[in-house]
Every structure is written in structure tokens, then in C-alpha cells.
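So the protein sequences, as listed, match chains A and B.
Those letters in the first sequence? Residues 1 to 202, per UniProt numbering, in order.
Those letters in the second sequence? Residues 1 to 202, per UniProt numbering, in order.
Each hint should be verified, as a subset may be incorrect.
Over 12 Å on every C-beta distance to chain A, these chain B residues come out as not near it, computed from the model [said to hold, decoys possible]:
{"id": "1", "residue": "32"}
{"id": "2", "residue": "91"}
{"id": "3", "residue": "101"}
{"id": "4", "residue": "149"}
{"id": "5", "residue": "156"}
{"id": "6", "residue": "166"}
{"id": "7", "residue": "168"}
Pairwise CB distance ranges (calculated) [stated by the list, open to error]:
{"id": "8", "chain 1": "A", "residue 1": "50", "chain 2": "B", "residue 2": "137", "range": "21 to 29 Å"}
{"id": "9", "chain 1": "A", "residue 1": "107", "chain 2": "B", "residue 2": "28", "range": "47 to 55 Å"}
{"id": "10", "chain 1": "A", "residue 1": "138", "chain 2": "B", "residue 2": "103", "range": "30 to 38 Å"}
{"id": "11", "chain 1": "A", "residue 1": "183", "chain 2": "B", "residue 2": "87", "range": "34 to 42 Å"}
{"id": "12", "chain 1": "A", "residue 1": "137", "chain 2": "B", "residue 2": "141", "range": "19 to 27 Å"}
{"id": "13", "chain 1": "B", "residue 1": "29", "chain 2": "A", "residue 2": "14", "range": "25 to 33 Å"}
{"id": "14", "chain 1": "B", "residue 1": "198", "chain 2": "A", "residue 2": "103", "range": "30 to 38 Å"}
{"id": "15", "chain 1": "B", "residue 1": "40", "chain 2": "A", "residue 2": "21", "range": "46 to 54 Å"}
{"id": "16", "chain 1": "A", "residue 1": "100", "chain 2": "B", "residue 2": "92", "range": "38 to 46 Å"}
{"id": "17", "chain 1": "B", "residue 1": "138", "chain 2": "A", "residue 2": "95", "range": "47 to 55 Å"}
These are calculated hints, taken from the structure and not from any lab test.
Quick caveat, the model's predicted, so the values are computed rather than measured.
Heads up, the beta-carbon is just placed ideally off N, CA and C, and yes, glycines get one too.
There are 2 protein chains.
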Amino acid sequence: MFSGAQISLYPMSDDFIGVIMNALSALDPYRDRLRIETDDVSTLLVGTPDVLFAAMRDLFVAAAKTGTHTVLHATISRGCPGEPDDPICQTPALGGPLSPLAERKQQALAAVAQTPVSGQPTAAQFSLYTLGIDQHMDEIYGCIDFIKSSGVFDRSKNFCTKLRGDAGAIFATVHEAFVRFGPPAGHVTIDLTVSANSPTPL
Amino acid sequence: MFSGAQISLYPMSDDFIGVIMNALSALDPYRDRLRIETDDVSTLLVGTPDVLFAAMRDLFVAAAKTGTHTVLHATISRGCPGEPDDPICQTPALGGPLSPLAERKQQALAAVAQTPVSGQPTAAQFSLYTLGIDQHMDEIYGCIDFIKSSGVFDRSKNFCTKLRGDAGAIFATVHEAFVRFGPPAGHVTIDLTVSANSPTPL
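With the hints as constraints, model all of the structure from the sequences given.
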């Protein structure tokens with residue numbers, strides 16, 4: 001298994017470099033469990049999904065708490081057939097057979113309910129792609145059912161689902177969508193955008 | 001067929017609203033062929049792929065020419081089984097059977113070669129997803145072969161392919177990837193990030 005994300009942080013500020021540099025210390029608690037590579041477009045994080053989502057959440061919240069309109073985008077992937085297995089990505093969360101959809105929805109809701117509050121109001125939207133399987137829309141519709149009960153569902157949009165709420169619950173919800181839908185060893189990706197402090201009226 | 005994109009423009013500037021507002025006039029030549037809806041996270045464009053990509057290119061170039069570090073992100077989709085057919089999306093470009101991969105690669109290269117130069121140096125990265133088919137990696141590897149000959153290939157990264165060159169050739173290359181790979185009536189999506197004026201050294 002290989003899992004990770006290409007992430008980018010966009011503070012809409014003349015001081016975007018300062019905002020990003022100050023936020024980076026939020027990654028420190030996770031650095032021993034991530035491989036990190038940066039270029040001019042994005043930063044690669046390689047690690048298990050739980051560590052990836054916690055690190056993305058803390059990085060985003062650190063930047064958003066400055067009050068700057070800030071967006072984090074992430075291209076998240078697991079099980080891509082073109083990527084090698086990597087010891088840093090090994091996790092029991094992605095083993096075993098695919099259990100019934102109803103059971104996975106309940107497990108996902110229970111996990112979101114236990115998430116601590118971050119205090120950062122957040123909007124987000126994401127698309128889940130389960131690849132290389134014929135019945136990909138069954139998994140996607142099952143995931144959408146879970147999202148609608150998650151407490152952070154805002155609305156369905158064309159090509160994505162929009163969330164609104166506390167950053168903690170939002171990252172927990174997308175994490176659950178990522179690990180519980182699509183086959184455990186399958187190729188699953190997410191296109192995620194998370195935004196705070198937008199001046200656009202809702 | 002339904003095709004469109006959720007797009008967001010991120011100027012890293014205190015005057016991000018001004019940069020976005022000034023760039024929006026670049027969409028004017030396309031407004032009669034697009035349906036446009038905006039909220040606080042993204043703007044939906046619905047239309048045929050040729051119009052979508054031309055509109056995204058002109059919007060991005062208009063913002064980037066200010067010299068501000070600017071990023072455009074787009075979640076692009078065609079043929080999603082959950083979306084209704086829409087007359088504004090009808091195009092002969094997505095009809096007929098799937099021709100051999102080698103033939104499609106040649107057509108894509110010819111189209112990119114004919115693209116006018118915009119004068120805007122640009123970096124980009126994108127992921128192509130062909131959904132609901134078993135052999136999705138064959139189409140993706142075929143597309144990567146085309147990209148490597150396109151003249152704007154920079155390098156393969158985990159989860160995506162990175163491009164560098166003129167904005168005109170970059171948007172043309174991603175457009176060709178979108179319409180020529182995966183079944184013509186199939187569900188194909190792209191997660192696209194385009195960046196200009198980054199202060200990060202290459």
C-alpha cells in the first residue's frame with residue numbers, strides 16, 4: 001500500500017510566505033511518521049491516512065487562525081497501482097475484506113462523533129474517486145449517504161460535495177470517506193479544497 | 001453528456017478581490033456558451049470541453065499577468081453518471097467509438113502543436129481519472145505517453161504529472177488529455193492545479 005497527498009496552502013495575503021512559514025511548525029508532531037518533499041507547486045506527504053489527515057488539519061488551522069483568507073488544496077491517494085508499497089504507509093485500517101456498506105457508514109459516523117473541536121469555522125468541498133472497479137457509483141453513493149448524516153454536510157454540488165462546520169469534524173469526515181469507501185486495497189483518490197475566512201457572503 | 005468544472009482562483013495578495021474582479025472580464029467572450037454559478041469556495045462552469053479550457057486559460061492568464069503569485073485550481077468532469085444530459089454540453093468531440101490509443105496520441109500532439117502562445121510562463125500539475133472501467137491504468141499510461149511528448153512535460157510526481165511551459169500549451173495539453181483518454185461517453189475527471197509567479201526556486 002502507498003498513501004499520501006500532494007498539498008498546497010494558499011493564504012490570500014501579500015505576506016503569504018510568512019503565513020505559510022509560521023504554519024509549518026504545525027507539522028512538527030507528525031514529521032517522524034511522514035515523508036515530505038516540496039516544490040514550487042505542492043508538498044508531498046507520504047504516510048498513513050490518519051497521520052495525513054491530522055497533519056493537513058493542523059497545518060490548515062494554524063494558517064487560518066491568522067484571520068487571512070486561506071485555502072488548502074489536497075490531491076489524496078491510496079492504493080495507486082503505479083506506486084510501490086512503502087513501510088511508512090502500513091496500517092491495519094486498510095486490511096481485510098470490504099464489509100457491508102451500512103456497517104461502514106456506522107463506523108464512519110462514530111469516528112466523526114469522537115473528533116475534538118478545533119474552533120476554526122471552515123468550508124470545504126471534495127470529490128471521492130474509486131478507481132478500477134465497475135460499480136464505482138455504489139461506493140460513491142454510499143459515501144454520500146454517510147456525509148449527509150455527518151453533521152457537516154452543506155449541499156451537493158456538481159462534481160463534488162460541500163461541507164461546512166468545524167475544521168476538526170470536516171477533516172475527520174473526509175478521512176472517513178477516504179478509508180471506508182472503495183475496496184481496502186483498492187485505488188481511491190480525493191480532490192479536496194478547504195477554505196476559511198472567505199469574504200464572499202454565504 | 002454533462003461536462004464542466006468547479007474552478008477557484010487564488011491570487012496570493014492583500015488585493016485578491018481586485019485581482020479576481022479584474023480577471024473576470026476574460027470570461028466575457030465565453031459567457032453565451034457557459035452556465036456559471038459562484039459560491040464562497042468555487043465557481044461552476046458548465047459547457048463543452050473546448051470552451052471550458054479556453055475560458056479557464058484566459059481567466060488564469062489575465063490574473064497571472066498582474067505579476068501576483070496566482071494559482072487556479074479546477075475539478076473538471078465529463079460523463080458523470082449522476083449528472084443529467086445538458087444541451088449546452090453537446091459536442092461531436094465526445095461521440096463515436098474509442099479509437100486505438102496510438103491514433104489518439106497523435107491527434108492530441110497535433111492539437112497541442114497548433115496552439116497559440118500566450119506569453120505567460122506557467123507550472124501545472126494534474127491527475128486524470130477514468131472511472132467505472134476495469135482497465136483504467138491503460139488509458140492513464142497512454143495519456144502519460146502523450147504528455148511526455150507534448151513539449152510541456154516537466155516530471156512525473158506521486159499522484160500527478162507536472163507540466164511547465166507557456167500557459168497556452170499547458171491548457172491545450174490538459175484539454176487533450178481530458179477529451180481523448182477514457183471512453184468518449186465515459187466518466188472522466190481531472191484534478192488540475194496551475195501556478196504562475198511562484199517565488200519558490202525551481
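Status of each hint after checking the structure:
For residue 32 (chain B), the non-interface assignment is confirmed: its Cβ lies about 20 Å from the closest Cβ of chain A, beyond the 12 Å cut-off. In this structure residue 91 (chain B) is separated from chain A by more than 12 Å, as the shortest Cβ-Cβ distance comes to about 18 Å. With 12 Å as the threshold on Cβ separation, the claim that residue 101 (chain B) sits away from chain A holds: the shortest Cβ distance comes to roughly 17 Å. Distance check on residue 149 (chain B): its Cβ is at least 19 Å (rounded) from any Cβ of chain A, clearing the 12 Å threshold; non-interface status holds.
The non-interface label for residue 156 (chain B) is inconsistent with chain A: the shortest C-beta to C-beta separation is roughly 9 Å, within 12 Å. Separation of residue 166 (chain B) from chain A is adequate, the least Cβ-Cβ distance of about 16 Å exceeding the 12 Å criterion. The claim that residue 168 (chain B) lies off the interface holds: its Cβ sits roughly 19 Å from the closest Cβ of chain A, which is beyond the 12 Å cut-off. At roughly 27 Å, the beta-carbon separation of residue 50 (chain A) and residue 137 (chain B) lies within the given 21 to 29 Å, and the hint holds.
For residue 107 (chain A) and residue 28 (chain B), the hinted distance range of 47 to 55 Å is satisfied, since their beta carbons lie about 49 Å from each other. Between residue 138 (chain A) and residue 103 (chain B) the C-beta distance comes to about 33 Å, which sits within the given range of 30 to 38 Å. Between residue 183 (chain A) and residue 87 (chain B) the beta carbon distance is about 37 Å. The supplied range of 34 to 42 Å therefore holds. For the pair residue 137 (chain A) and residue 141 (chain B), the beta carbons lie near 24 Å from each other, so the given range of 19 to 27 Å is met.
For the pair residue 29 (chain B) and residue 14 (chain A), the beta carbons lie near 31 Å from each other, so the given range of 25 to 33 Å is met. Between residue 198 (chain B) and residue 103 (chain A) the beta carbons are some 45 Å apart, a value that contradicts the proposed interval 30 to 38 Å. Range check, residue 40 (chain B) to residue 21 (chain A): Cβ separation about 26 Å, and the 46 to 54 Å hint is violated. At roughly 43 Å, the beta carbons of residue 100 (chain A) and residue 92 (chain B) sit within the given window of 38 to 46 Å.
Between residue 138 (chain B) and residue 95 (chain A) the beta carbon distance is about 28 Å. The supplied range of 47 to 55 Å is therefore violated.
Going through the hint list in order, the structure does not satisfy hints 5, 14, 15 and 17.
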